[in-house]
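Engineer: FYI, our numbering numbers position 378 of the sequence shown as 378, with every residue one higher than the one before it.
Derived by calculation from the structure, the hints in this document are not laboratory data. Think of the CB as a built atom: it goes at the ideal place given N, C-alpha and C, for glycine as much as any other residue. Careful, some of the hints might be misleading.
[Said to hold, decoys possible] Here are the simulated lysine-lysine pairs, DSS-like style, with alpha carbons at most 27 Å apart: (1) Lys278 to Lys323; (2) Lys373 to Lys330; (3) Lys91 to Lys127; (4) Lys128 to Lys91; (5) Lys109 to Lys128; (6) Lys109 to Lys127; (7) Lys391 to Lys373; (8) Lys243 to Lys279; (9) Lys97 to Lys127; (10) Lys97 to Lys138; (11) Lys131 to Lys178; (12) Lys278 to Lys330; (13) Lys109 to Lys195; (14) Lys322 to Lys334; (15) Lys167 to Lys35; (16) Lys323 to Lys283; (17) Lys127 to Lys70; (18) Lys250 to Lys278; (19) Lys131 to Lys35; (20) Lys70 to Lys128; (21) Lys322 to Lys373; (22) Lys178 to Lys167; (23) Lys109 to Lys70; (24) Lys195 to Lys167; (25) Lys289 to Lys279; (26) Lys323 to Lys349; (27) Lys127 to Lys138; (28) Lys278 to Lys334; (29) Lys127 to Lys178; (30) Lys35 to Lys97; (31) Lys138 to Lys35; (32) Lys250 to Lys283; (33) Lys385 to Lys349; (34) Lys334 to Lys385; (35) Lys91 to Lys178.
[What the hints assert, rightly or not] Label pairs and their calculated CB-CB ranges: (36) Gly159 to Lys278: 47 to 57 Å; (37) Thr394 to Ser36: 43 to 53 Å; (38) Thr394 to Glu90: 19 to 29 Å; (39) Pro239 to Asp273: 21 to 31 Å.
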Amino acid sequence: MKVRGMIESMSKAFVECLETCIENYCYDLEKDNQKSVINYHSKNAYLNNDNLTANDSWSIDLMSSLESKKTMIRLIENDVSDLSDVEVEEKFDYYAKNFLINNINQFKKKVDSLYARSLEFGLFGIKKNIKEAFRYYKIASSLQEPVSTFYLARCYEFGIGVEANEKISIEFYRAASKLGYPRALYKYSVILLAKGQVGVAISFMRQSIIRQTSGFPTGGNIFIKPFYHLGCLYRVDHPDIIKDHIYALKVFEQGSQLNCKDSSYAAAQYYEDGIYVKKDSVKSFCLFKRAASLGHPDAMVKISLILLRAAFFMGDRSQYRKKHVEIGFKMLEKSAIQGCLPGIIYTAKCLSLGIGTNQDLLQALWWYRIAAKLGDIDSDRMARKLKKAIKKQTKLDRYLLKFDL
Numbered sequence: 001m002k003v004r005g006m007i008e009s010m011s012k013a014f015v016e017c018l019e020t021c022i023e024n025y026c027y028d029l030e031k032d033n034q035k036s037v038i039n040y041h042s043k044n045a046y047l048n049n050d051n052l053t054a055n056d057s058w059s060i061d062l063m064s065s066l067e068s069k070k071t072m073i074r075l076i077e078n079d080v081s082d083l084s085d086v087e088v089e090e091k092f093d094y095y096a097k098n099f100l101i102n103n104i105n106q107f108k109k110k111v112d113s114l115y116a117r118s119l120e121f122g123l124f125g126i127k128k129n130i131k132e133a134f135r136y137y138k139i140a141s142s143l144q145e146p147v148s149t150f151y152l153a154r155c156y157e158f159g160i161g162v163e164a165n166e167k168i169s170i171e172f173y174r175a176a177s178k179l180g181y182p183r184a185l186y187k188y189s190v191i192l193l194a195k196g197q198v199g200v201a202i203s204f205m206r207q208s209i210i211r212q213t214s215g216f217p218t219g220g221n222i223f224i225k226p227f228y229h230l231g232c233l234y235r236v237d238h239p240d241i242i243k244d245h246i247y248a249l250k251v252f253e254q255g256s257q258l259n260c261k262d263s264s265y266a267a268a269q270y271y272e273d274g275i276y277v278k279k280d281s282v283k284s285f286c287l288f289k290r291a292a293s294l295g296h297p298d299a300m301v302k303i304s305l306i307l308l309r310a311a312f313f314m315g316d317r318s319q320y321r322k323k324h325v326e327i328g329f330k331m332l333e334k335s336a337i338q339g340c341l342p343g344i345i346y347t348a349k350c351l352s353l354g355i356g357t358n359q360d361l362l363q364a365l366w367w368y369r370i371a372a373k374l375g376d377i378d379s380d381r382m383a384r385k386l387k388k389a390i391k392k393q394t395k396l397d398r399y400l401l402k403f404d405l
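Could you put the whole structure together from the sequences, leaning on the hints where they help?
Structural biologist: Here it is as structure tokens:
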């Protein structure tokens, strides 16, 4: 086939591009409600992985992903200047599908791994087939391909294309971690944490970070969960952990550089408090700002309050004042939507007073009621007060309407 001949000359680059794109696609698709057969909950509250795990897991630049697709197409077709972003995606899917199907037996373990994930998630126009995906994961895993070994473990964990089996799943996660795949190193460390093997778990988690920051091939994008999780572990009291806030900060700063919002926020707190490092309000602000730009709800509240306070001292410079206030309110609203209690309370206040937005007592009442449900006593009092004010306003409006006023 013509496509095959054109692509084979730059197959390595195409495989690398495919690998990155598949990581981008798959992580969100993996977040399903499948029940794991592995118990990840530690008996120790401070080692509970639900509390320590970062929400954002990949350091992904979607624009660079699109550019890499354009580069691949340019190597095949010479010119992509007239193609829209949608057309680039469609063409890349076409070439990706053909490349994977025609090269399964050429690069064996690497392409088998990519093809298996395409089968599992139905990527590039390849028909979704979970049982076939499992078969290809098994083939590539038998050739010691780390990513496929990780996904094979996942199949046994969630029962994807095979009956779920905790013991086999853990064995394959261990095998994938021994092959140096960062996600597997992290996953296996979390399993060890739940089993109480804290010292060994930390060693695996550190390896996950080292593999990604020391030039080792990572198999796609940077996986940022370990940075925040490891930093948190070095802040707790445990007989198997030597508490080290300076090292924790170092790890958080590494995570921050890779756009981990939780790491950015944690690092900012160190410079804000100035307990273990010299207090630095500028550095703290920059880190809070980065965390806010990445969507951290508490960071958005901090930055929005700074903007609102700055606007208060701007006096007559109404143009700048208005901009600061509007941006501040938008950030508060975003944090409120994420369920951040301080964000909800301040959003309600802004709506009730018309700060950064039009006054809306009904919306303010709605947010105050949510805050009250989350346990804030003052919000319950404010909700009752607002309800009375709305009733009075409604009566007045009816009276004025009656006399056409």
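Engineer: Hint by hint, where does the structure go against what was stated? Just the numbers, ascending.
Structural biologist: 1, 12, 13, 21, 28, 29, 30, 35 and 38
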